[in-house]
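As you go down the protein sequences, you meet chains S and W in turn.
Quick note on this note's numbering: the first sequence kicks off at 21 and runs consecutively.
Quick note on this note's numbering: the second sequence kicks off at 21 and runs consecutively.
Incorrect hints may have been included.
One copy or two, it doesn't matter: identical chains are merged, so the pair holds either way.
[Stated by the list, open to error] Computed list of lysine-lysine pairs in DSSO-like fashion (alpha-carbon distance at most 30 Å, straight line):
id, residue 1, residue 2
1, LYS38, LYS87
2, LYS35, LYS87
3, LYS35, LYS73
4, LYS73, LYS87
Don't read these hints as lab results, they were simulated from the structure.
The primary structure of each chain is shown beneath.
There are 2 protein chains.
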Amino acid sequence: MPEQRISSERIFDGKLLKVRVDAVRLPSGREATREVVEHPGAVAILPVTDEGKLILVRQFRYAVGRKLLEVPAGTREPGEPDDETARRELHEEVGLEAATIELLARFFISPGWCNEELVAFRATGLREIGAQPEPDEDLEIVEIDPADVPALIASGEIGDAKTITAILAHLGNVSSRS
Amino acid sequence: MPEQRISSERIFDGKLLKVRVDAVRLPSGREATREVVEHPGAVAILPVTDEGKLILVRQFRYAVGRKLLEVPAGTREPGEPDDETARRELHEEVGLEAATIELLARFFISPGWCNEELVAFRATGLREIGAQPEPDEDLEIVEIDPADVPALIASGEIGDAKTITAILAHLGNVSSRS
Numbered sequence: 021m022p023e024q025r026i027s028s029e030r031i032f033d034g035k036l037l038k039v040r041v042d043a044v045r046l047p048s049g050r051e052a053t054r055e056v057v058e059h060p061g062a063v064a065i066l067p068v069t070d071e072g073k074l075i076l077v078r079q080f081r082y083a084v085g086r087k088l089l090e091v092p093a094g095t096r097e098p099g100e101p102d103d104e105t106a107r108r109e110l111h112e113e114v115g116l117e118a119a120t121i122e123l124l125a126r127f128f129i130s131p132g133w134c135n136e137e138l139v140a141f142r143a144t145g146l147r148e149i150g151a152q153p154e155p156d157e158d159l160e161i162v163e164i165d166p167a168d169v170p171a172l173i174a175s176g177e178i179g180d181a182k183t184i185t186a187i188l189a190h191l192g193n194v195s196s197r198s
Numbered sequence: 021m022p023e024q025r026i027s028s029e030r031i032f033d034g035k036l037l038k039v040r041v042d043a044v045r046l047p048s049g050r051e052a053t054r055e056v057v058e059h060p061g062a063v064a065i066l067p068v069t070d071e072g073k074l075i076l077v078r079q080f081r082y083a084v085g086r087k088l089l090e091v092p093a094g095t096r097e098p099g100e101p102d103d104e105t106a107r108r109e110l111h112e113e114v115g116l117e118a119a120t121i122e123l124l125a126r127f128f129i130s131p132g133w134c135n136e137e138l139v140a141f142r143a144t145g146l147r148e149i150g151a152q153p154e155p156d157e158d159l160e161i162v163e164i165d166p167a168d169v170p171a172l173i174a175s176g177e178i179g180d181a182k183t184i185t186a187i188l189a190h191l192g193n194v195s196s197r198s
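Next up, chain S with everything else stripped away, as it sits in the complex (with noise of 0.2 Å):
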């Protein structure tokens, strides 16, 4: 490890986040601080329908104080397999059941400063099986045709970046194999 850690003082202990501020050795023998967020991962899935439409959910995000266009994702539960969480937030967020789900993408959010893994699949061959929203999930089910997407980027109504990486490596997927 070029950054060695000296100490660790824990801020915060909540329910999702979990903070600490660490002292480290750099290379160059100096000390300095990081300040890190640590987050269980999250699991998104992009439905695509035979058609090549997009199901997206609108929903209001207190952090940013607006709604937004996103894909469906829930965090990562301990013990629970990628694919099945991605297929729990499929049933239970868009009310889908899907014959086969793929890989688009696995990255870090902001690795400068936060642990987040976000990993990102492809639901295609669609069956409707009935929506199951948590309490006070407040989702509208939203169908996407592909060539709206740069101007609802644009607009910043699609403006995350697991929405955006999900479909960008989709599109780019279904444009490298025609």
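Guided by the hints, dock chain W onto chain S, whose structure is given.
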């Protein structure tokens, strides 16, 4: 606002991050808590050479415990326009000046709990003027062929949201023009 703040507890006031826990009133009337990390936002810039190669930096990321290949990027500075931050990071981190910079995408990195917004630019018409790394910034500058991007994403060497989004947006844009 669908969720009304009832109270807010300030947990941490760091050099980079602020953390608070808010009690909110949901549309249903129920109360819930929201753990929120405040971040000033960040600016990324993807340098593309006249030959179409991508200039990335390899650096150790303490929060995730490994090295990643990333687009040059930096934290937003109060009062500094995003395109100036981009040009400054381009100079400091990889020693380049750009004839043209264009917006590729802007997005929230994890809007469920964090307000960090990332603004990604593309830089072209590059000219070498000499890097000016900050003290203790341990960056290796790497030139990437776009054809190698899928393998680098699959291996996890390229593995963060801003880098994947910027590259996919750039490559999508290029192919949609051709």
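To see whether the hints hold, each was checked on the structure:
no.	hint	result
1	LYS38 / LYS87	both (26 Å within a copy, 22 Å between copies)
2	LYS35 / LYS87	both (23 Å within a copy, 29 Å between copies)
3	LYS35 / LYS73	neither (35 Å within a copy, 44 Å between copies)
4	LYS73 / LYS87	within (21 Å within a copy, 37 Å between copies)
Of the numbered hints given earlier, the model fails hint 3 alone.
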